[in-house]
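**Student:** Sequence:
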Amino acid sequence: MDKTLKAALESIIVGVVTIALAFLLFFIPVLNILVLLFPVPFVVVGARRGILGGIVSLGISCLVLALLVDPFLGITAFTLNIFIVLSLIVVYKKNLEMNEAIILSAGGVLLSALLFLQAFTWIRGESFFDFLLNNIKVLLQSNSTNIQGFLKQYQALGMLEEGYSVDRFIQRIIAQMKDLLPLFPSMLLINSLIMGSLSFLISRFVLKKLKVSTPYVPLFRNWSLPRGTGRGFLGIMLIAVIGTWMNVSNFDVVLYTVSSVFTFVFTVQGLSVVNFFLAQKGLPGVVVVLIMVVAFIFLPVALMLLGIFDQIFSVRKVYSGRSRD
104 MDKTLKAALE SIIVGVVTIA LAFLLFFIPV LNILVLLFPV PFVVVGARRG ILGGIVSLGI
164 SCLVLALLVD PFLGITAFTL NIFIVLSLIV VYKKNLEMNE AIILSAGGVL LSALLFLQAF
224 TWIRGESFFD FLLNNIKVLL QSNSTNIQGF LKQYQALGML EEGYSVDRFI QRIIAQMKDL
284 LPLFPSMLLI NSLIMGSLSF LISRFVLKKL KVSTPYVPLF RNWSLPRGTG RGFLGIMLIA
344 VIGTWMNVSN FDVVLYTVSS VFTFVFTVQG LSVVNFFLAQ KGLPGVVVVL IMVVAFIFLP
404 VALMLLGIFD QIFSVRKVYS GRSRD
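My numbering puts the sequence shown at residues 104 to 428.
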């Protein structure tokens with residue numbers, strides 16, 4: 104069979120099968136979280152058959168979704184996945200290093216999210232956040248009777264003043280949600296890092312099984328940020344602090360965003376350090392995972408500090424050197 108025809112058929116088949124599996128998984132509790140891995144099959148096709156093959160496969164899936172469910176949903180699926188697919192195909196074609204791959208794939212997720220937000224505004228005529236807040240307001244107003252009963256119970260307990268109306272309660276909820284909007288950039292960046300890393304690692308696993316050359320990824324216990332990352336973060340944070348102190352518009356958002364990403368990445372590095380030393384003790388894998396989960400949930404600050412300490416003093420390298428001696 105001609106290679107071009109074979110690539111085209113593979114792209115079409117993968118596109119149709121992927122959307123069928125996504126439909127099936129969506130309605131299965133717990134397993135529906137796997138829908139987040141929707142772009143992975145298209146990355147695999149693109150890495151094997153070229154960028155065009157990956158785009159065609161994604162386009163076929165989104166077209167089926169648009170025809171069977173809703174055109175807007177098809178457009179949404181395409182915009183939310185196109186850049187992550189393209190970025191990871193480039194990663195495998197260029198055989199980039201792991202840290203470069205994660206940054207590029209996270210950037211792809213971020214670009215896709217931004218494209219979705221802009222496309223939403225063009226199609227709907229309002230921003231995604233206005234749409235979301237308006238729908239929450241309508242939902243609350245449609246349940247005003249239940250909310251009224253809830254308010255009366257709190258008033259009877261003395262936790263709310265008398266005469267606290269449903270409209271006032273709804274306005275307060277919406278106002279508080281608007282106050283949380285400045286947190287969105289940090290949430291978006293951290294989500295991009297998580298989803299980009301997962302998409303890279305899982306697509307890499309599949310490609311290795313298919314005997315395709317992939318970037319080297321060290322064991323998690325040996326993972327660390329590139330040298331100078333901490334200084335870069337601190338420099339950006341210092342600029343953001345100065346901007347906030349000078350009352351420059353939105354610099355407080357920049358400071359919070361950078362601080363959140365700083366905390367997240369060094370917490371992950373701290374978790375890697377914990378994994379390293381637990382592995383040295385020869386503990387069973389299940390026990391190691393349980394300890395790491397507990398530490399991540401209950402000791403995130405300690406993990407972050409451990410990650411920073413390791414970044415500065417290369418604790419694991421020093422320990423490994425002494426062990427060899």
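It is worth saying that the hints were derived from the structure and are not from the lab. Watch out, some of these pointers could steer you wrong.
[Stated by the list, open to error] DSSO-like mimics (lysine-lysine), calculated; alpha carbons at most 27 Å apart, straight line:
1. Lys281 <-> Lys196
2. Lys312 <-> Lys281
3. Lys384 <-> Lys197
4. Lys197 <-> Lys312
5. Lys281 <-> Lys197
6. Lys240 <-> Lys281
7. Lys255 <-> Lys240
8. Lys384 <-> Lys196
9. Lys311 <-> Lys255
**Student:** Would you mind marking each hint as holding or not holding in the structure?
**Tutor:** Outcome of the hint check:
no., hint, verdict
1, Lys281 <-> Lys196, "violated (42 Å)"
2, Lys312 <-> Lys281, "violated (47 Å)"
3, Lys384 <-> Lys197, "violated (38 Å)"
4, Lys197 <-> Lys312, "holds (19 Å)"
5, Lys281 <-> Lys197, "violated (42 Å)"
6, Lys240 <-> Lys281, "holds (12 Å)"
7, Lys255 <-> Lys240, "holds (20 Å)"
8, Lys384 <-> Lys196, "violated (39 Å)"
9, Lys311 <-> Lys255, "violated (61 Å)"
Comparing the model with each earlier hint shows violations of hints 1, 2, 3, 5, 8, 9; every other hint is respected.
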